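> Chains as they are written, first to last, in the UniProt record's numbering: chain F, 1 to 354; chain R, 1 to 181.
Hints listed in this document are in silico derivations from the structure and should not be mistaken for laboratory results.
Bear in mind the structure is a predicted one, so any value in this text is a computation, not a measurement.
Every residue, glycine too, gets a C-beta built ideally from N, C-alpha and C.
Do not rely on the hints blindly, as some may be mistaken.
[To be verified] Straight-line C-alpha distance at most 30 Å; calculated DSSO-like pairs for lysine-lysine:
#: 1; chain 1: F; residue 1: K188; chain 2: R; residue 2: K31
#: 2; chain 1: R; residue 1: K130; chain 2: F; residue 2: K129
#: 3; chain 1: R; residue 1: K4; chain 2: F; residue 2: K50
#: 4; chain 1: R; residue 1: K4; chain 2: F; residue 2: K129
#: 5; chain 1: R; residue 1: K99; chain 2: F; residue 2: K334
#: 6; chain 1: F; residue 1: K218; chain 2: F; residue 2: K296
#: 7; chain 1: R; residue 1: K124; chain 2: F; residue 2: K129
#: 8; chain 1: F; residue 1: K129; chain 2: R; residue 2: K99
[Stated by the list, open to error] Non-contacting residues of chain F with respect to chain R, defined by C-beta distances greater than 12 Å in every case (computed):
#: 9; residue: F17
#: 10; residue: S125
#: 11; residue: K339
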Amino acid sequence: MSQILSSIFQSMSIAVFLREDRDNFKLLTKKPSWLNTFCDRNFEAGQTVKLGMLFPFLECFMYEAEDVWESKVNTPHRSGPWIEFTQHGEELPLEATAICQDTHSLLVIQDLGEEYYNEVVRLQSFREKSLNQEELQLEIDNKTQEIRSREEEIAMKLLTAAGHRDHETAAHVRRIGLYAEVMARALKWDDAIAADIRIAAPMHDIGKIGIPDSVLLKPGKLTEEEFEVMKRHAEIGADMLRGTNIPLLKMASEIALCHHERWDGSGYPRGLKGKEIPESARITTIVDVYDALIHKRVYKDASSEQSALKMMEKMVGKHFDPDLFKVFIANLPKMQSIKESVSEPARIPGSLAP
Amino acid sequence: MLQKKICLLGAFAVGKTSLVMRYVDSIFSDKYHTSVGVKIDKKQLTVDEQDATLMIWDLAGQDDLTRLRTSYLRGAAGFIVVADGTRPFSVETAINMYKEALEYTGDIPFVVALNKADLQDDPKWQVEPKQLATLEDLGAEIILTSAKNDENVELLFHKLTRKILDYREGEQHSSTMVDKL
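Throw the hints in and build the complete structure from the sequences for me.
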């Protein structure tokens, strides 16, 4: 090896080994000082050593190196850095490179020295910035969640107040949202949109606020004219929620407008059919009917789960989207658990409805 | 004496090196020093009257610039996936790294360290139940650790070693059964 090359290897703290067999490697260059930590003092150029025994790290890399040597490809393959320690406990960052040169299988090991520490500084600064960004993102996520919870709370309070006229309860509106969210998640909706429907679905009847008491609270059957007045709640609700850029309210508006549309086109107010009806409204229609059937109302007793489902099955394809009904049935245990966990609080005699 | 290679994986800055330093050298530093490359430590221990030497491979944490080099896992008898209980993102990374590692190593023993448990009562501690459920579904035993307070650090390494020994016994048993057929 030329004197110049030898000096270069020495100044770069490089040791070049020639592979003799799977375990044994002959040192071709002058022994760099760092190698003294791992080898006998008398070990020198021209002698053979079992590198895998000296450096456990290389046991892993040798498999990749063997591939390089076998393929006789000229491209060097680097191990990536690993750390050894000198006898004084100082870090020694090393890197191995497998090269095939003129049919010779070579392994170059270099003390990375300053190059390694520059990389550490670069990565340290990158990772500290990443940590700060992660922390900020987490804070934003938490604040967003807080705002969403507040929005939900305010929406629920307003809905309960609005529903108070026709005896809808806070528990009912909350359940509608939770059922709808289960459906949305089962349908693999985006997380944020699935969270939106939890608040938007309960607003479906908000337009009832614009229906006169004489119609809304009339006991018994409505006349044809009264029913026409009642039907207006869908459009009133949609109008109330329209004209905003807030996605949640846009969804609430389409649900309010379309929750009385039917799959077969026989619904109101527009007579939309099938998938012309927004999916959010098709979901709300199913869960609203379910909750209404299994709970007591002033005008009816609660149906059993079984008879409610029988009634609903008859509505599939006419009233309900058949595919969504299948999703609903597949998620029935979750619906039942919502029904159990969100129930009406016991009423204190003489107090107002919750 | 039985010698086993184990690897520590996880996102950057979750405390992999701190866990190793606490376990091997009984020291801890509060300052974050990023790891680059691989550091191998050795520790002898006795589990169920069986002496063993662990070759602990501390692999540099994963980020956008550094991906897991799965070939480092070659020959590993087990691994520890480390996540930081104050960083939900690191739990997500742990789940993904576990899956990636398993593809390379096949089904070998592993445990999950949910580190920085000294902050459990701090609002910063934000482990999402959904993420924990995912880890449990993957068969993970989750151990809350704190390298800072030396909480469950020894337990972590002992649990993994015990799993490795049980796994080894199971393998030996099944190969004996096959031989008898």
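> Could you run down the list of hints and mark each one as holding or not?
Structure-based check of all given hints:
1. Straight-line distance between C-alpha atoms of K188 of chain F and K31 of chain R comes to about 42 Å, which puts the hinted pair past the 30 Å bound.
2. For the suggested pair K130 of chain R and K129 of chain F, the alpha carbons sit about 27 Å apart, so the restraint of at most 30 Å is met.
3. This hinted pair checks out: K4 of chain R and K50 of chain F have alpha carbons roughly 20 Å apart, not beyond 30 Å.
4. Restraint check for K4 of chain R and K129 of chain F: not satisfied, since their Cα atoms lie roughly 36 Å apart, outside the 30 Å limit.
5. Taking the CA atoms of K99 of chain R and K334 of chain F, the gap is about 29 Å. The hint holds against a cut of 30 Å.
6. Taking the CA atoms of K218 of chain F and K296 of chain F, the gap is near 18 Å; set against the 30 Å cutoff, the hint holds.
7. Annotation: proposed proximity of K124 of chain R to K129 of chain F holds, straight-line Cα distance about 18 Å (limit 30 Å).
8. Distance restraint check for K129 of chain F and K99 of chain R: the Cα-Cα separation of roughly 27 Å lies within the 30 Å cut-off, and the hinted pair is therefore satisfied.
9. Even its closest Cβ contact with chain R, about 20 Å, leaves F17 of chain F beyond 12 Å, as expected for a residue assigned away from the interface.
10. Not every C-beta of chain R lies more than 12 Å from that of S125 of chain F, the closest at about 9 Å, which undercuts listing it as non-interface.
11. The claim that K339 of chain F lies off the interface holds: its Cβ sits roughly 22 Å from the closest Cβ of chain R, which is beyond the 12 Å cut-off.
Consistency with the previously given hints fails for numbers 1, 4 and 10, ordered from lowest to highest.
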